[in-house]
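For this one, chain U is given, so just place chain Y on it according to the hints.
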Amino acid sequence: MAQDINPMSKRQNPSEFLKQIVGKPVVVKLNSGVDYRGILSCLDGFMNIALEQTEEYQNGQLKNKYGDAFIRGNNVLYISTQKR
Amino acid sequence: MKVGEAFSSFGILIMAQVLKTVHEPTEGLRLQQINVTAFFETINCGIGKLYLTERTVTWINADSRQGFVLHYPAIAVHAATGANEDFPEPCLFLMIDLSKTDIEYTPETTESDDEEESNVRTAAIRLVPEDSGTISHIYQVMNECQELNPESEEEMSEGDDDGMEDEEYHNGEGDDNPVVYEAPNAAQWYTAETPDDEIQLSEQGRANLERILGNLDDKPPAQNSRQDPDHTMDEG
Chain U
3 MAQDINPMSK RQNPSEFLKQ IVGKPVVVKL NSGVDYRGIL SCLDGFMNIA LEQTEEYQNG
63 QLKNKYGDAF IRGNNVLYIS TQKR
Chain Y
1063 MKVGEAFSSF GILIMAQVLK TVHEPTEGLR LQQINVTAFF ETINCGIGKL YLTERTVTWI
1123 NADSRQGFVL HYPAIAVHAA TGANEDFPEP CLFLMIDLSK TDIEYTPETT ESDDEEESNV
1183 RTAAIRLVPE DSGTISHIYQ VMNECQELNP ESEEEMSEGD DDGMEDEEYH NGEGDDNPVV
1243 YEAPNAAQWY TAETPDDEIQ LSEQGRANLE RILGNLDDKP PAQNSRQDPD HTMDEG
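These protein sequences, in sequence, are chains U and Y.
All residue numbers for the first sequence refer to the working numbering, where the first residue is 3 and numbers rise by one.
All residue numbers for the second sequence refer to the working numbering, where the first residue is 1063 and numbers rise by one.
For reference, chain Y alone in the conformation it holds in the complex:
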């Protein structure tokens, strides 16, 4: 990590976009740690103070009073790391989902675009406390706070929602195994409310309808009395 890198024009530009004026959090404070250097991707944001509250991870540069606030749903991964090639100091690593923050940053796609590339933009933040012995404790507190911030229902249905209302209900099995089911998209089902002229059956649908209505007064048909020429369902 070159000392001069923090002062490159690129670095300053990024910091201007990424860092904002942030006020010290006061509610739900679980941990404070001074002398923590923050790296946003490769940009050194300086030395500041880290605050962990029950809702946020906040870091504020000691001199500029600028920093960032992350809500736990934005923190996809957090990890305690020892020294490695790129970052010789032990630190707390955070992978954040940028779409869930107010941070304006567009990662450069250095990797070749592969077909699987998702639309999830992530960024890496590293928090390097001067006292590396504190990392383990910070990591633990972050775990606890993450558990206090599960996905809300609103966030769960994001991406599945194509503009129609979904019904969601929870399987009441208790806290340790919540399961969420979604009812089928109501707009695709024809109900008693659907006007007749809106109902369009496919050929298979019409055949099914004839078969069903044809059997209304009969006993269940025996195999060899089935006469419907369009019926292909039980072939094969």
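Isolated chain U, as found in the complex:
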């Protein structure tokens, strides 16, 4: 499971982690239970997130696809990297 470039292979603070995952495929889980997978385009200090090539999953099932998506920060439960 080891990756050459693993953002979590060394200790760092959250904002360093966030800088490292920009441009990478991520999973963003919302408070509502829906999750969005896509390439992390950018995010800001309020955890507003912009994704590209976004896919919407509910209960593990692909429901929708979007080009660009903007997720309002207060709805984010977590952001995780994903293997593509």
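Please note that a few of the clues may not be correct.
Cut-off 27 Å, straight-line C-alpha distance, at most; resulting in silico cross-link-like pairs (DSS-like, lysine-lysine) [what the hints assert, rightly or not]:
| id | chain 1 | residue 1 | chain 2 | residue 2 |
| --- | --- | --- | --- | --- |
| 1 | U | K67 | U | K21 |
| 2 | U | K67 | Y | K1111 |
| 3 | Y | K1111 | Y | K1082 |
| 4 | Y | K1162 | U | K65 |
| 5 | U | K31 | Y | K1162 |
| 6 | U | K31 | U | K85 |
| 7 | Y | K1162 | U | K67 |
Facing chain U, according to a computed beta carbon distance under 10 Å, are these residues of chain Y, among others [to be verified]:
| id | residue |
| --- | --- |
| 8 | Y1134 |
| 9 | I1137 |
| 10 | F1155 |
| 11 | I1197 |
| 12 | Y1201 |
| 13 | M1204 |
| 14 | N1211 |
| 15 | E1213 |
Hints in this document: simulated from the structure, not taken from any laboratory.
In this text, all values refer to a predicted model and were calculated from it rather than measured experimentally.
The C-beta atom is built at its ideal place from N, Cα and C for all residues, glycine as well.
Below, chain Y without anything else, positioned relative to chain U:
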């Protein structure tokens, strides 16, 4: 999307609950777009005009003058989408948090209830402009407006507040990394103000207190002179 669906009794019922008489917004207007069809979940609400202001996303049906007003905190996700199976036309997709709107709508839970199911009720709104080339621009303007509407402090503490006052202060690191801390719930701490008879210590608490008071006049105890039989903290 069947044409007849918009006129089904279910659809009409939903529209009556969801849409209200709305007036054209005048302040902070950033964008207007005519000939935009709005879908609330699967219900076609007709063709209308879309207004983006710095505070709201407003859509008004051209004929009935009924529509909806969404404040940006209610828009959890907005996305620009191309064609897909369910909706063949490119559109602007909005996922809204119903609790932050004045829209009365109860989504049917079609999915089986899983343990993780949250209490956040969401609904999907799709805005389909006749001119699909405008979607990209509308999406951009929405981004800008969302950035103008960050969560207020009041909204941030929602859910954490169990009726007691929280202290919140901001780490003054500047705009790009705001961090909010909350002080512990004051009601659970015993202070100089707490009446003596309200203070109840657990067994461990009493043991700690004896140990602490017992050391008031002494130098810090050496390991082998510790005599407290109840003290279990540094075992293991």
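Right, here's what the structure says about each hint:
Distance hint between K67 (chain U) and K21 (chain U) is fulfilled; the C-alpha atoms sit about 25 Å from each other, no more than 27 Å. A threshold of 27 Å between alpha carbons decides the hint, and for K67 (chain U) with K1111 (chain Y) the separation of about 25 Å falls inside it, so the pair holds. A C-alpha spacing of about 14 Å is found between K1111 (chain Y) and K1082 (chain Y), which places the hinted pair at or below 27 Å, so the restraint holds. This hinted pair checks out: K1162 (chain Y) and K65 (chain U) have alpha carbons roughly 24 Å apart, not beyond 27 Å.
With a CA separation close to 19 Å, the supplied pair K31 (chain U) and K1162 (chain Y) stays within the 27 Å bound. With a C-alpha separation of about 16 Å, the suggested pairing of K31 (chain U) with K85 (chain U) holds against the 27 Å cut-off. Distance check on the hinted pair: K1162 (chain Y) and K67 (chain U) sit about 25 Å apart at the alpha-carbon level, within 27 Å; holds. Hint status for Y1134 (chain Y): holds, given a least beta-carbon distance of 7 Å to chain U, under 10 Å.
Hint status for I1137 (chain Y): holds, given a least beta-carbon distance of 6 Å to chain U, under 10 Å. Hint status for F1155 (chain Y): holds, given a least beta-carbon distance of 6 Å to chain U, under 10 Å. For I1197 (chain Y), the shortest C-beta to C-beta distance to chain U is roughly 9 Å, which falls under 10 Å, so the interface hint holds. Residue-level restraint check for Y1201 (chain Y) holds (minimum Cβ-Cβ distance to chain U is 6 Å; threshold 10 Å).
Interface hint status for M1204 (chain Y): upheld, as the beta-carbon distance to the closest one in chain U is roughly 7 Å, under 10 Å. Nearest Cβ of chain U to the Cβ of N1211 (chain Y): about 9 Å, under the 10 Å cut. The hint holds. Interface restraint check: E1213 (chain Y) against chain U, minimum CB-CB distance 5 Å, threshold 10 Å, status holds.
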